[in-house]
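Novice: Protein sequences appear in the order of chains A and B. Residue 139 in my numbering is what sits at position 139 of the first sequence, and the numbering runs on without skipping anything. To convert, count from 1 in the second sequence and add 290; that's my numbering.
If you are wondering where the hints come from, they were derived from the structure by calculation, not from laboratory data. Just so it is clear, the structure is predicted and the values come from calculations on it, not from any experiment. Fair warning: there could be bad hints in the mix.
[To be verified] From the structure, some residues in chain B lie toward chain A, with a derived Cβ separation under 10 Å:
| id | residue |
| --- | --- |
| 1 | A408 |
| 2 | A412 |
| 3 | L416 |
| 4 | G569 |
| 5 | Y574 |
| 6 | G591 |
| 7 | V593 |
| 8 | W596 |
Positions of the beta carbon are idealized from the N, C-alpha and C atoms, including for glycine.
Here is what each chain is made of, one letter per residue.
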Amino acid sequence: MDLATFAQVIVNGILTGGLYSLIAVGLTLIFGVMRVINFVHGETLMIGSYLTYFLFTLYGIDPFISLPLAIFVLFSFGVAIQRFFINPVIDAPHFNQILLTFGLVLILQNLALILFTGNYVSMTTGYSAISLKLGPIRMGLARLTGFVIAIVLTVLLSVALKKTEWGKSVRAVTQDREAAMLMGVNVDRVNILAFGVGSAMGGAGGVVTSMIMYTFPLIGMLFILKAFAIVVLGGFGSIAGAVVGSLILGLTESLVTNYLPNGSGWAEGVSFLILIVILVIRPKGLFYVE
Amino acid sequence: MSNKGYAKILSLLILLGFLLFIPSVLSQYSLHLMILVMVFVVIATSWNILVWTHQISLGHAAFFGIGAYTAALMYNAWQLPIYFDLVLGGVFASLGAILIGVICLRMAPWALAIATLAFAEAVKILVIMLPGLTEGAEGVAIAPLYGGGETAKVYAYYLVLAIAFLTVLMAYLLKRSKLYYAFTAIHDDQEAANMLGINPTKYKVMAFTTSAFFVGVVGGFYAHYISYIDPHGVFNIHISVEAQIMPLMGGLYTVAGPVVGAFILTLLGEYLRITVKTGYLIIYGIILVLLIFYLPKGLVGLVEGWTRRK
Chain A
1 MDLATFAQVI
11 VNGILTGGLY
21 SLIAVGLTLI
31 FGVMRVINFV
41 HGETLMIGSY
51 LTYFLFTLYG
61 IDPFISLPLA
71 IFVLFSFGVA
81 IQRFFINPVI
91 DAPHFNQILL
101 TFGLVLILQN
111 LALILFTGNY
121 VSMTTGYSAI
131 SLKLGPIRMG
141 LARLTGFVIA
151 IVLTVLLSVA
161 LKKTEWGKSV
171 RAVTQDREAA
181 MLMGVNVDRV
191 NILAFGVGSA
201 MGGAGGVVTS
211 MIMYTFPLIG
221 MLFILKAFAI
231 VVLGGFGSIA
241 GAVVGSLILG
251 LTESLVTNYL
261 PNGSGWAEGV
271 SFLILIVILV
281 IRPKGLFYVE
Chain B
291 MSNKGYAKIL
301 SLLILLGFLL
311 FIPSVLSQYS
321 LHLMILVMVF
331 VVIATSWNIL
341 VWTHQISLGH
351 AAFFGIGAYT
361 AALMYNAWQL
371 PIYFDLVLGG
381 VFASLGAILI
391 GVICLRMAPW
401 ALAIATLAFA
411 EAVKILVIML
421 PGLTEGAEGV
431 AIAPLYGGGE
441 TAKVYAYYLV
451 LAIAFLTVLM
461 AYLLKRSKLY
471 YAFTAIHDDQ
481 EAANMLGINP
491 TKYKVMAFTT
501 SAFFVGVVGG
511 FYAHYISYID
521 PHGVFNIHIS
531 VEAQIMPLMG
541 GLYTVAGPVV
551 GAFILTLLGE
561 YLRITVKTGY
571 LIIYGIILVL
581 LIFYLPKGLV
591 GLVEGWTRRK
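One chain only, chain B, in its complex shape (with noise of 0.2 Å):
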């Protein structure tokens, strides 16, 4: 391994280290927001893993929605340990991902697009219509993940912090195995890719399950952690903008990008929001217009330029 390969891997350890050791000294507040950044590291690498095979969803919030959704009822009606409702909005997310991919992943990217959206609607809408089952558009409340308290808000923190850890290795893994090469392929020719006896189908479901799994799983555990979810919360489109313009910032085609992109959006949304308060989201829209005309290989993309140039 090239001296830089080790440096890149002390660096990793040294980061993961140090988020090891960080609610040690954070307040509780900065730990409630490194908590919301480890759930969009999940939710932005998750969606930057169907670019990887060209394509765009603009419902990640569905999968979000649907995993916050059966986790909170799964517990409400059985009390099981959390980690299988964690798990089951997974699978569920998954389905929902299943769902789409037969309908519509043959579709161009463009329609893929419309189409997510309408299925997060779709999916907020039946919540709302069917409140027998998930009680509306009141919402559902929760027992506090472990209990509550300061203590519980450190352990929610390692949770969410093993998710986020296992989507990014998940991410990684899949980035160095053969099964990118024919996301790679279908990516840059979709045809070509078809005639080498890659089935673009099956390849394209298969990274949209994926994505949509480890969504599901960090939105069981937001709705744990928060301890009460409503339809218009968990379904909003800002979390499927989120998805999308997290990677973009950080680098799309990348591993490292969607998380320095959910590192950096998410700390600066929430400054935003308590500074500017109204309309805050102009910001992301500047950042989203600038991004695609100045920077569209995102900070990663521009760090790597550097550093190829010396």
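Chain A with its partners taken away, still in its complex shape (with noise of 0.2 Å):
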């Protein structure tokens, strides 16, 4: 085997693994706090990638500073699903919820089939085509923006979960919802404000999925069925586990794709093989939060 090419495979199997685990993250934030099967996440992503798009092909607006402004739409879209769809079925069976998020989903994608027709799309930025060289290593200068993206963003969140009053509530929350509500907690607060910030990454997610590859109004599936891979890896509501995972599928497909004959069509099912794996070894996933 020839080691450069090798550390070329790891180099990329990570710098994907950044890009799933923002949408993974968001995800299991929310399923962490509020038990819900959430398909409207892949949906945050394909309206931030839309978003970045059409910012750039229309008004010259490079996706950096598309950032901010996807996360701030894409919280306020998590609050608006949160608030006027999510929350009014919170107590409901968990089989209306999945197929609350599911009709949603079905409404969002036609309606990006609809105003943005089915064909893929992508932009190219003035740094799309410069590449880094480390060694015998190449890496694609937005690839390697889009992974520096994830992890601030990961990290930021992080460290909100752990230093902010609502970071803590949050975790009592994921914990025991009844025990914080009685110590005073305000569910419906951090049930809302997860669900924006979970969206939000959801949507920088998306940012970078334009930068890097392409969109289209399906995109969303395509992720949402890895992010759920990764996160039943990880243990639903397990931020660390979420990461984890990230880097494990992306490590494998980029393996898989290289080292396998026909990689590329193996690779697309790696998610779902992996995902089988767990329930069968781990039913509750490799960091699972009780």
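Given two chains presented individually in distinct reference frames, assemble the corresponding complex, making use of the accompanying hints.
Specialist: Written out as structure tokens, the structure is:
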């Protein structure tokens, strides 16, 4: 085996893992607090990526400037979804919640299909073609920046969860909703904020996706399936688990793509395989928080 | 039996007579629609059985696809009478269900929902990636059912009507049997059911396998009827979505609900597909959201509410 290629494959895997973690961290945050299977989460990525694409192609706004904007827009979007759709069914059976978020996905996806057509679109920024060389390893500048954005946002969120009043409430609700309520935590507020922050992370994921790959109306479904696999892998509700799960998935996909015959086709299935294997050997995930 | 009971049986007989009679008056296209309706009656009814045991599947397309592929590949290899293919399609789909069952039926309902979704995607990728066995992404062509043509369509209709009839009959008998009490006990409180000596896993796997079997059979029928299948078509996530939304619209926990839902939504879906074209599924999404908020018991629940009030 060629060592340089191997190193390149590993680096690619880690960079992809970073992108996955942006999406998975938000999803696991929302699940931890509300125990809701949120399919809409993939659509926050779709909205974020189209937002970035149109701001760039129509007004020449750089993705770096779109990033805070997307975070703000998707935060508001998440708050609205929580307030008007999820909250009314928060005590309904899981079943109703799953179908509700599925219904919202159908609406958003098809709205995008009607507005933007089903075509794949991608944009070319001034730094799209630049790649850095580190010895034998090449890294696309855009991909590397995407990775850095992912790391920075995840670290910020972790710090917020550890240090701030809101973060402590979030962790309290994640551990035991009833007890948190009895201790005077305003659960409604925690829910709304967690949904907003989680959606904002998804939106940031969208900004990064449009920088490094392409976007299309069904892109949310592509990522949400992987994100679910990651979240199950890492343990529902665990931020650290989501990050580790993302890296595992990114690395595995990269290795499979490069070292198996027909690898890129098989790589698409790796997340599901990992998911099923983890469910067998450790049904509650690697980092389950009780 | 009460008057109401007789009225119910009489109306069912009239409905059945009507369904047996319509091929002679319907156009080829309308008959095609009725065939699709029957396919979805089977899918929706089977899916609804799972709900009785408090399980959610987001991956019923997997069983449909497995049935379709089994039937198509078996037929192309050995040209057995198609009834063998259909049953084999059902059996293979059931094997898939047992596999899922062993892996994850002890999980929480939400985890099962995700696992079934992943299962459907995983099977699709297997089919695409093993072209030696399945002909891959290109799909499989099969000789048309009963030689094709106008009369063949009528035969196809009667065949799928029979499958749908058996599925609904099975659901009806299941609902009146002792098994249903076990199912309901599991649905209401799994721990308590366990203590009373009802083994939840056994009954859940049983419900899952039964559900998958009928979907597999109708998947096999679909392959023969449409005479060409490909992985993206038969493992399409929209089949799994329809499987949920139809029972929900008609009324969960009832036998009539999924049938009503399948009729309305198949016909509505076809109408929208032709008139709206791009993004017509948005209407499905809106219906789904409205149902969850305003009509969680479905149309059958609504009608029962009315008759009870009188």
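Novice: Each of the hints needs a verdict: does it hold here or not?
Specialist: Consistency of the hints with the structure:
1. A408: Hint on A408 of chain B: holds, closest Cβ of chain A at ~4 Å, below 10 Å.
2. A412: holds (4 Å)
3. L416: Nearest chain A Cβ about 7 Å off; hint holds.
4. G569: Cβ of G569 of chain B sits 4 Å from chain A, so the hint holds.
5. Y574: Hint holds; Y574 of chain B Cβ to chain A Cβ min 5 Å, cut 10 Å.
6. G591: Not OK, violated: G591 of chain B not within 10 Å of chain A, min 14 Å.
7. V593: Since the shortest Cβ distance to chain A is 21 Å, the answer is violated.
8. W596: Because about 23 Å separates W596 of chain B from the closest Cβ in chain A, which is outside the 10 Å limit, the hint is violated.
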